[in-house]
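Colleague: Note that the sequence shown covers residues 2 to 648 in the numbering used here.
One thing to keep in mind: the hints can contain errors.
[What the hints assert, rightly or not] Calculated pairs, EDC-like style, for lysine to aspartate or glutamate (alpha carbon to alpha carbon, straight line, at most 16 Å):
| id | residue 1 | residue 2 |
| --- | --- | --- |
| 1 | K459 | D340 |
| 2 | K455 | D71 |
| 3 | K241 | D258 |
| 4 | K459 | E33 |
| 5 | K455 | D340 |
[Unchecked claim] Pair by pair, the computed Cβ-Cβ distance ranges are:
| id | residue 1 | residue 2 | range |
| --- | --- | --- | --- |
| 6 | G313 | L475 | 44 to 52 Å |
| 7 | F474 | G553 | 16 to 24 Å |
| 8 | D131 | E363 | 50 to 58 Å |
| 9 | W593 | L221 | 37 to 45 Å |
| 10 | A317 | A129 | 56 to 64 Å |
| 11 | H548 | S18 | 29 to 37 Å |
| 12 | I623 | D66 | 21 to 29 Å |
| 13 | K137 | K421 | 49 to 57 Å |
| 14 | P343 | A156 | 51 to 59 Å |
| 15 | W168 | V632 | 24 to 32 Å |
Since the hints were derived computationally from the structure, they do not count as laboratory data. Model, not experiment: these values are computed from the prediction. The beta carbon of each residue, even a glycine, is placed where N, CA and C say it ideally should be.
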Amino acid sequence: MFGAIFGYGFILMLTKSLPHVPILGGKFGPQENSIIQAAATGAGGMSGVFVAGLPAMYRLDLLSDDPKKDFGRILTITFVCAFFGLFAAVPLRRFFIINVARELNLVFPTPTATAMTIRSMHAVGSGAADALRKIKALGIAFIIALLIICVGQYADGILHNWHIFTWFYVWSGYTASGLLEPENWGWYIQLTPAFFGSGILVGLNAAVSWWGGTVVAWGLIGPLLVHYGECIGIAVGEGKWEGITRFSVMTGVDNPDYVPSPRYWMLWPGVMVLMVYSLIEFFLHGKVVWDGIKFAVHESARSINNRLQARGHSNAWFAKQAAKADADGGVEDFASAQDQVPTWVWVAGTLAALVLAMIVSEVQFHMNAGLALLACILGVIFAFMSIYGGAVTDCAPLTASAKASQLVYGGITKNHFAIKDAQRINLVAGNIASGTADVANSLVSDFRVGFLLKTPPKLQFYAQAMGTVVSVFLAPGIFVLFMSAYPCVYRPSDDPADICPFAAPSVAAWQAVATAVTMPSIPIPKSSAYFSIAMGILCAVQAIVKHFWLVGSREKYRDWLPNWMSVGVAWVLGPDSGYANAILFGSITAWWWRKWFNNHFEMYAFAIAAGLIAGEGFGGVINAALELGKVSGSFKGTEIALPGAEW
Numbered sequence: 002m003f004g005a006i007f008g009y010g011f012i013l014m015l016t017k018s019l020p021h022v023p024i025l026g027g028k029f030g031p032q033e034n035s036i037i038q039a040a041a042t043g044a045g046g047m048s049g050v051f052v053a054g055l056p057a058m059y060r061l062d063l064l065s066d067d068p069k070k071d072f073g074r075i076l077t078i079t080f081v082c083a084f085f086g087l088f089a090a091v092p093l094r095r096f097f098i099i100n101v102a103r104e105l106n107l108v109f110p111t112p113t114a115t116a117m118t119i120r121s122m123h124a125v126g127s128g129a130a131d132a133l134r135k136i137k138a139l140g141i142a143f144i145i146a147l148l149i150i151c152v153g154q155y156a157d158g159i160l161h162n163w164h165i166f167t168w169f170y171v172w173s174g175y176t177a178s179g180l181l182e183p184e185n186w187g188w189y190i191q192l193t194p195a196f197f198g199s200g201i202l203v204g205l206n207a208a209v210s211w212w213g214g215t216v217v218a219w220g221l222i223g224p225l226l227v228h229y230g231e232c233i234g235i236a237v238g239e240g241k242w243e244g245i246t247r248f249s250v251m252t253g254v255d256n257p258d259y260v261p262s263p264r265y266w267m268l269w270p271g272v273m274v275l276m277v278y279s280l281i282e283f284f285l286h287g288k289v290v291w292d293g294i295k296f297a298v299h300e301s302a303r304s305i306n307n308r309l310q311a312r313g314h315s316n317a318w319f320a321k322q323a324a325k326a327d328a329d330g331g332v333e334d335f336a337s338a339q340d341q342v343p344t345w346v347w348v349a350g351t352l353a354a355l356v357l358a359m360i361v362s363e364v365q366f367h368m369n370a371g372l373a374l375l376a377c378i379l380g381v382i383f384a385f386m387s388i389y390g391g392a393v394t395d396c397a398p399l400t401a402s403a404k405a406s407q408l409v410y411g412g413i414t415k416n417h418f419a420i421k422d423a424q425r426i427n428l429v430a431g432n433i434a435s436g437t438a439d440v441a442n443s444l445v446s447d448f449r450v451g452f453l454l455k456t457p458p459k460l461q462f463y464a465q466a467m468g469t470v471v472s473v474f475l476a477p478g479i480f481v482l483f484m485s486a487y488p489c490v491y492r493p494s495d496d497p498a499d500i501c502p503f504a505a506p507s508v509a510a511w512q513a514v515a516t517a518v519t520m521p522s523i524p525i526p527k528s529s530a531y532f533s534i535a536m537g538i539l540c541a542v543q544a545i546v547k548h549f550w551l552v553g554s555r556e557k558y559r560d561w562l563p564n565w566m567s568v569g570v571a572w573v574l575g576p577d578s579g580y581a582n583a584i585l586f587g588s589i590t591a592w593w594w595r596k597w598f599n600n601h602f603e604m605y606a607f608a609i610a611a612g613l614i615a616g617e618g619f620g621g622v623i624n625a626a627l628e629l630g631k632v633s634g635s636f637k638g639t640e641i642a643l644p645g646a647e648w
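Produce the complete structure using the sequences and hints provided.
Modeller: If you want it as structure tokens, here you go:
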């Protein structure tokens, strides 16, 4: 959305300023706008590997001690995921957008909204005026988010994180020590524009589920665990801050007398619900994968049959399967044969990416080439489920891809490899599978935008490829920049008093699963294991009831079911309500805005959300550079209004 709106404003300025200059001037309509958006999608369509799998590898000491030393290896695995996902997206476009979109009622909510936004900006009459309003709203939101993130770090307790209970504790003259208890459990307000913007987009169900999961874990279960001695916290406060305790410590698990922290205890139920709910949904929608296999067989047979006929030969079986391909139901594809991506391009590209994956895995990560091939195959399978989930619910189950691949490779490597080797294989395979699914999902969603705007798929593909080339070098560079600025993400401190700016819940989940499926035994508290099993059963039952019973006239009740993906993230995240509060407030704001000012909401909501998310992301890059230059808030800011600080 950001690329579509910002691209409109920038290119429109060029076309008006330089109307007769080749390339820079000329016609600019919805199709050209969607091509700009396609390039932006290709450049920014890969993130999961860098916020989960790779940092987890560093936490388990599977790579070197510094990401800068591993830039070459990071670059190669990025290349594999990006380009295998790019080429795999081409046949997936035909399957999901043409063949089964009508049968499976695939609406692609966000891509559809993006296409409608682009079309409205180019509409005759009020279209241009509406587009300028959206650009202005996006720009203002972007600047506000950028200022909050970049300026807020210099007065974090005032401009970014509001520790309200700390304020009252200070106003009490440091005597009402009970006010520090909510602080210890992470109850505060964070001004995070990105999560507020995400709340506008995701809706009430996901936001309330996340917030509810936070309340259950860190307002109920966690305090009870500490009260009854099942878990402990570590006191880190001194003097007037004596009551401050950390309940999120994850170190010391290998010690024989280890007593878990509430975060470690809740980690396993969180991972369980993420895995079970995703995998049950995966198997319940296995028909999509089966339809995809049949589609691949029919399309391959048609291609071979056409070649045989061109040479004057024939084969009854290939002819029969080719006829089935022609008879497959679906919507009509507006694109003619010359507007399609040539078959040889995506087939050759896919095969080249497969070969590269096997070479990179063998040479760079000491992983058998056959296991790399399996990871790529799993990536395609998970792409089916991710695209389907995103097309129906606007929430792609990419977490399921990672966890499922980790389970598969845990079974393959069990008792056949040393523990460190098994963990490295587990995480490399998970990176390839989930990274491929992530890229393919983003690009197929982008193809949906082009389909609605009748943009030739060939042109979209080439734009996506150009963006992908940029992402292959840009993403690893930004990753190394962030890890250099915030080493606590990949190398957590053993000092419980140290607080990392990024909680990195996905990193903890990947690390935990990789450890659990590769070690002979892992010290999971019995009470945590029992609770995890109970939650897993509950998730499975809900998924089955939702799939088989809440259909037809009862389908409306699905909105009242908890989103277990959001709940699982809340449990894995640890004692921290900042994100949950922000996304809840954003979703409530969107609900109220849509209910009372729907036209205004339709005009500005998506643009503002896109600006807020992009502004915080860009601000984070600036902050990382300031951190490396030692002029960030950590060095030049004030600690006023922060708990435990001297001010």
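Colleague: Each hint should be assessed against the structure and marked as holding or not.
Modeller: We went through each hint and held it up to the structure:
1. K459 / D340: Status holds; Cα separation ~5 Å.
2. K455 / D71: The given pair, whose Cα atoms are some 43 Å apart, is violated under the 16 Å limit.
3. K241 / D258: violated, 31 Å
4. K459 / E33: Distance of about 13 Å is within 16 Å: holds.
5. K455 / D340: holds, 11 Å
6. G313 / L475: 44 to 52 Å: At 50 Å between Cβs, range holds.
7. F474 / G553: 16 to 24 Å: Violated, at about 50 Å.
8. D131 / E363: 50 to 58 Å: For E363 against D131, whose Cβ atoms are near 54 Å apart, the range 50 to 58 Å holds.
9. W593 / L221: 37 to 45 Å: violated, 28 Å
10. A317 / A129: 56 to 64 Å: holds, 58 Å
11. H548 / S18: 29 to 37 Å: violated, 55 Å
12. I623 / D66: 21 to 29 Å: holds, 27 Å
13. K137 / K421: 49 to 57 Å: holds, 54 Å
14. P343 / A156: 51 to 59 Å: Once the Cβ atoms are compared, 56 Å apart, the range 51 to 59 Å for A156 and P343 holds.
15. W168 / V632: 24 to 32 Å: About 28 Å separates the Cβ atoms of W168 and V632, which means 24 to 32 Å holds.
In the structure shown, a violation is registered for the earlier hints numbered 2, 3, 7, 9, 11, in ascending order.
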